[in-house]
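Chains as they are written, first to last, in the working numbering: chain A, 1 to 100; chain B, 1 to 507; chain C, 1 to 700; chain D, 1 to 170.
Everything labelled a hint here was simulated from the structure, so no lab data went into it. Don't take every hint at face value.
Here are the computed lysine to any residue pairs in the SDA-like style, where the Cα-Cα straight-line distance is at most 25 Å [to be verified]:
(1) C:LYS162 with B:TRP428
(2) B:LYS58 with C:PHE193
(3) D:LYS25 with A:ILE35
(4) B:LYS409 with C:SER163
(5) A:LYS87 with D:LYS165
(6) B:LYS441 with C:SER163
(7) B:LYS409 with C:PHE180
(8) C:LYS75 with B:LEU485
(9) A:LYS87 with D:ALA131
(10) D:LYS136 with A:ASP55
(11) B:LYS409 with C:ALA694
(12) B:LYS409 with C:PRO279
(13) A:LYS87 with D:LEU163
(14) B:LYS409 with C:GLY217
(15) A:LYS87 with D:VAL20
(16) C:LYS162 with B:ALA482
(17) A:LYS87 with D:VAL58
(18) B:LYS409 with C:LYS26
(19) B:LYS409 with C:THR224
(20) C:LYS75 with B:ALA482
(21) B:LYS409 with C:GLN211
(22) C:LYS26 with B:ILE457
(23) C:LYS75 with B:ASP57
(24) C:LYS162 with B:TYR443
(25) D:LYS136 with A:ILE60
(26) D:LYS136 with A:ILE35
(27) B:LYS409 with C:ILE173
(28) B:LYS62 with B:TRP212
Keep in mind it's a predicted model, so treat the numbers as computed, not measured.
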Amino acid sequence: MVPLSWYMVLSVIVFAIGVFGFLSRRNVILMFMSIELMLNGVNINLIALSHYLQDLRGQILAFFVIAVAAAEAAIGLAIVIALFRNKATAHVDDVKELRG
Amino acid sequence: MNHLSYPILSLLIFLPILGSLLILIMRRSWELLTKFIALVTSIATFLLSLPLFTEFDKTTHKMQFVERHSWIPNWNIHYFLGVDGISILLVLLSTLTAILCVLISWESITKKVKEFYISILLTTSFMIGVFCSLDFFLFYLFWEAMLIPMFLIIGVWGGPNRVYAAIKFFLYTLVGSVLMLVGIIVLYLYGGKTFNILDLMTRTYPYTMQLWLFWAFFAAFAVKVPMWPVHTWLPDAHTEAPTAGSVILAAILIKMGAYGFLRFSLPLFPEAAKAMTPVMLTLSVIAIIYGAVICLAQTDLKRLIAYSSVSHMGFVTLGIFALNTQGIEGGILQMINHGIVTGALFLSVGIVYDRTHSRLIVDYGGLATVMPIYASFFMVFTLASIGLPATNGFIGEFLILLGGFMKSKLVGVLACTGIIIGAGYMLWLYQRIFFMEVNPKVYGLPDMNVRETITLIPLIILVLWIGVYPNTFLSFMHPSVAHLLERVSSAGMQEAVAAKAVLEVIR
Amino acid sequence: MELQFYHVLIPFLPLVGFIVNILIGKEVTRYGAHWPGVLTVAGSWVCSLFTLRDVLAGHTIDADLYSWIVSGTFKVSVGFLIDPLTAVMLIVVTTCATLIHIYSIGYMHGDTGYYRFFAYLNLFTFCMLMLVMGNNFLLLYFGWEGVGLCSYFLIGYYFNKKSAADAGKKAFIVNRFGDFGFGIGVFMVFIAFGTLHYADVFGNVSSIAGQRVDFLGFTVDLPTLIALLLFCGAVGKSAQIPLHVWLPDAMEGPTPVSALIHAATMVTAGVFMVARCNPIFNLSPFAMDTVAIIGAATSLFAATIAITQNDIKRIIAYSTCSHLGLMFLACGVGAYAAGIFHLYTHAFFKALLFLAAGSVIHAVHTNDIQEMGGLKKYMPITYAVFIIAALSAAGVPGFSGFFSKDEIIWSAYASHSSVGKLVWLMGTAVAFFTPLYTFRLIFLTFHGTYRGGHHAEAHGHAVTHSAHAHPAPHTSGHGAHDAGHGSHDPGHDTHGSGHNTHAAGHGAQGSHHGEHHIHESPKIMTVPLMFLAVGAVAAGWVGIPPILGGGAHFAHFLEPVLGHPEFHGTHAEEWAVMGLSTTIALLGIGLAAFFYLRKTDLPKKLAEQFSMLYRISFRKYYVDELYHYTIVKPTLWIANSVLVAITDAKIIEGIVNGVPGAIGRFSQSLRKIQTGIVEHYGIFMAAGAVFILALLYFMR
Amino acid sequence: MIQQAFFAYFAFAITVLALVVITRKNPIHSVAWMLLLFFHIAALYLFLNAEFLAAVQVIVYAGGILVLFLFAVLLVNVREEMRISRFIGAGAAGFTFAVGLLVVVLMALRSFIAAPPGMYTIEHIQQETNAIALGKVLYTEFLYPFEITSLILLVAIIGAIVLAKKGLRG
């Protein structure tokens, strides 16, 4: 029997890798992938907990996470395309409209 | 209690709101209809306010035309309205001013016409509300609500530097009001969980607390008046505001401060008010002289009149804090007078501004040749402003100075110098605008048209009426002022009695 | 006796005239504006005569019309007090006003502001009558300010001209300085007596005798304080030192205005007020002495200025100052009746002097006596009345001025006043200067040869332009034409007296022979002159002193109001004083004749010899300059440089704008964090997450 | 023991693949590696008796989202990243905070205390199958969230169309 903590550690590691990717890459698409990584890390944790605590709510939450991830990917990528059309770049550091 | 069969004060407050709602559903292209609705509404409000004048019982200090309904029972908040001798004239002045503002803006406002008249009508409604409210919550509501349309009037329809002026006006008044809010909450908590102003007035508060509350309320009222040294928003706001905005500011809005002193500061904190009298008198005298001297240096017409307001309102606060009958009655009368005269001066300036689009004094000259009727009207208001006998300004200033003189001779003498300088700057202004050679820039300007003449005539009548027979107006005040003074002086006696008792205990 | 209808009509008839002319003058009455103007004033005059009859019958009326201001214990009414003093003033005011109104019909003929002129003149008459008839101090103040206002309007009547507008403003503001003291005096009266009603104040006047009050940190004698404060107002209104500066400038107004307001009536209001308040003044010897000294000093001071001036109206204006000083001198030594008597005779001869001068100006279109001369052959009537007025002013026996002036000088000599002898000396000196400058004026104007040809030529051209209304402005101020209201030529002092077509015709033909076209003024102007001349001769006969076989009826008439001063002096002394002042006056006339008829080059030489004295006199002792540099400039400097530039802009606005500014700068620095780069936001987010998690974990 | 071994493999593979995904220069490669990563995660779900979610993982992530990514990558300039440095300047900071996060959460994990187990035992789920058990809970207890999720998806669809369409018009 694999202990719960192993799953949790794995989940944290995947999440941290996602964070690292998000912070260090400048390509928007890769940043989105990093976000997906983070979400997956969370999902692993949720499903593992659902399994070990014998409670389906974990799986349902993961299910919602996947749904939201799909929505987010759709919108995010649409934004990327719009951005690329307007500025011909997919690099976040070229986008400085928010500069105060 | 209200002896009329209908709730007259509520009608006065809600009629302009109704009118503004009606304007709201107008199409943008129906400008003329919009204007007429605004005009009819304001005239209707004025006519509706006339029963106040005729039905007012001048023998009692009690609140009249009272309406009281529970509003938010949880916090003991009431919809509580009523007027007495102190507020009734201001209500009437407000309703009159509304008509004049609508008339004077008839042609000068060309953009966002709908919104403008909505703002004017809302302002009217809130002004009346401020003067009628007898519940602190309701009062504060109107007091602050008033800022919004006024802010818009300055900020949207004002001159080139309007945004700065509007924000300055807003922040200045807001900072003062917030301190008053704190004061109101303290009163609520301390005074038995009620916002009822009349109830709160019957209580006595510890001296230290009175002092703190006095200054909290002072912050709000002094900014509104405006007293020296928190007056600097006024020139900017007046200068940048459109004519109607200046008129409302001058005629009503800055009266709210002086009204606040009379309605709240004196009866609620009588001992603090008495203790602070020297400070208030000093500030008033500084305002009178400072405002007058600084007028001599102005090059902008509206700015000059704005600074003269500082000086004239200095007289009002001087009268109020002279704490005697003559001073306070003079102060109230001077509030009305200043509303009429300065309002009229701003209207007059608006009339030429519509023609020349310049507020600079150097752009005028010889107008008496070009616009003789206009020059005559302006002359009457100038004379009223410098307090010539038989105009309203004289009666007010005389009573105030008499009151001030009875309080302290030094104050009286110093305040009198304000009158000399007042004559100086107003006549010099008049000379530079109307006399001497005709400035090519004003060459061939048309004289006042019928609409403009109609706007100014009621004010001329009031100027002379108050000047020749002021008792019509003074008689409204006598019982209320006497009651107020009784409250103030008896508080001191209680204090003295208490002090004596303490001394005896110590012995 | 109750207040009669015609008593009330006296002041209000001219008010009706004013209202009619100001409302419909422009459209309806226009060049018939004199009808409402003159008729109402004449009506007042008739009513005044009835009133005089009542007063002579021994009635005194003190009645209220209505309650004016009521506030607490302060109650004041609009009401009239009619007693001998009022009656005298009513006669003086309405008589002069009526004659001058009639004269103005001719003088102002053709002016576009014709209706305006009569409206103001009526308003003035109303205010002046309110001033003299009011039964309380506040009504006195009302009239006081009202006449000041009309004076402002009328001095600045040619408002397109800067000097006129300036002069009007100056008059008003200088008067405000006086009124400042007067107003405080009124307050003090209220504080001392609890009322402003004359009867109550003067009835209880003994209650304040010897009282001392605290005033601005000084403990002073209450009657002295009140008297001096009230006197401040009189100093302003009656152009006494140090507030005399406005009167000569006031000559910018049309000449009838100078005659009515700045000679006969308004400026004498100060004397009237002091006389009216005599019970208060009597309580304070110090205040009385001050009044006497200031009066005497002004009298001498103005007389010495008058001998060097060249402007015909200014000379008369300084003469007015001087005579007003004499009246105060009389009041100051307790001889109020003498002061009022001089006021009464002065009104006639000074109004006559002014109107005659106006007639001259009307003919020659200049104020400068150096450009006149030899006019007696062209203007015989004017010359004759001028001589009469001058003789009366100079105090030549037999004329009105002699009796009043002599009474003043004798009163000064004979009074118990501590300064009596001093002011008597000064008064006698004035008696020398008065004929000197008056006859200098006459000789330079009417005798010798005409010196104004060149000027007439230039003037003719200007007028021609003006009359033909060239579209382009020629001289400064012609802008008036362009607006379609042009009527007068502001480039010239008095041409504004109207007569456009008339004068233009002259100008056109008279450009080379200006002298030939000088002629006597029309009847409408000369007839009032003749009436006034009768007054200037005979008005004083009602007050002939007992020593000359008269009954001093005037003083007896006023005795109920003004009391009877006690004099000490023998008949011999009285004869001596009278003889001295008369001799000196004749000497003055002789000297003037010597200088300006015989040795006409002598004055110039003397002026060069004593150039400093001459310049001081010519520049009016530099008082205007003194005020300009000590009051006007510093005030404006404070306003501009200190208050606007420093206090308001720097200190107050600094604080006001400084607080939001500091917040703004703080926000500016915070803004830099918003780089707009997504990674940075991400890193901060992550850092925040780490921080919060760590916090939660370790703080657990 | 076998379970541990399998877990060890999958855990290792997931970690390595995740690292590979975020370090590729070419986004297309990243997408490809990510596909593999998602299959591994789906397999891990199977170990945890979540068959339905494993299927959803494959269908939605691998089949839907990744294809979307692929389209996006193809639409924008894929080659660009290769010309510029792979990481931005803040890479070091990112690394620090990622590691910090890892450390903090791992430390926090030590004090994790499991709640008492619920009613959905493995036997119970196996008895009525995972999908049915999940469906019952989802459509009863979580009906409103579920509906809201559907709304979110609808909004996302419309939003994506609007955003993309605007770009096309420009």
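Going down the list of hints, with the structure as the test:
no., hint, verdict
1, C:LYS162 with B:TRP428, "holds, 12 Å"
2, B:LYS58 with C:PHE193, "violated, 29 Å"
3, D:LYS25 with A:ILE35, "holds, 17 Å"
4, B:LYS409 with C:SER163, "violated, 38 Å"
5, A:LYS87 with D:LYS165, "holds, 16 Å"
6, B:LYS441 with C:SER163, "holds, 22 Å"
7, B:LYS409 with C:PHE180, "holds, 13 Å"
8, C:LYS75 with B:LEU485, "holds, 19 Å"
9, A:LYS87 with D:ALA131, "violated, 46 Å"
10, D:LYS136 with A:ASP55, "holds, 13 Å"
11, B:LYS409 with C:ALA694, "violated, 72 Å"
12, B:LYS409 with C:PRO279, "holds, 24 Å"
13, A:LYS87 with D:LEU163, "holds, 15 Å"
14, B:LYS409 with C:GLY217, "holds, 9 Å"
15, A:LYS87 with D:VAL20, "violated, 29 Å"
16, C:LYS162 with B:ALA482, "violated, 50 Å"
17, A:LYS87 with D:VAL58, "violated, 34 Å"
18, B:LYS409 with C:LYS26, "violated, 47 Å"
19, B:LYS409 with C:THR224, "holds, 16 Å"
20, C:LYS75 with B:ALA482, "holds, 16 Å"
21, B:LYS409 with C:GLN211, "holds, 17 Å"
22, C:LYS26 with B:ILE457, "holds, 18 Å"
23, C:LYS75 with B:ASP57, "holds, 22 Å"
24, C:LYS162 with B:TYR443, "holds, 18 Å"
25, D:LYS136 with A:ILE60, "holds, 11 Å"
26, D:LYS136 with A:ILE35, "violated, 30 Å"
27, B:LYS409 with C:ILE173, "holds, 23 Å"
28, B:LYS62 with B:TRP212, "violated, 28 Å"
Comparing the model with each earlier hint shows violations of hints 2, 4, 9, 11, 15, 16, 17, 18, 26 and 28; every other hint is respected.
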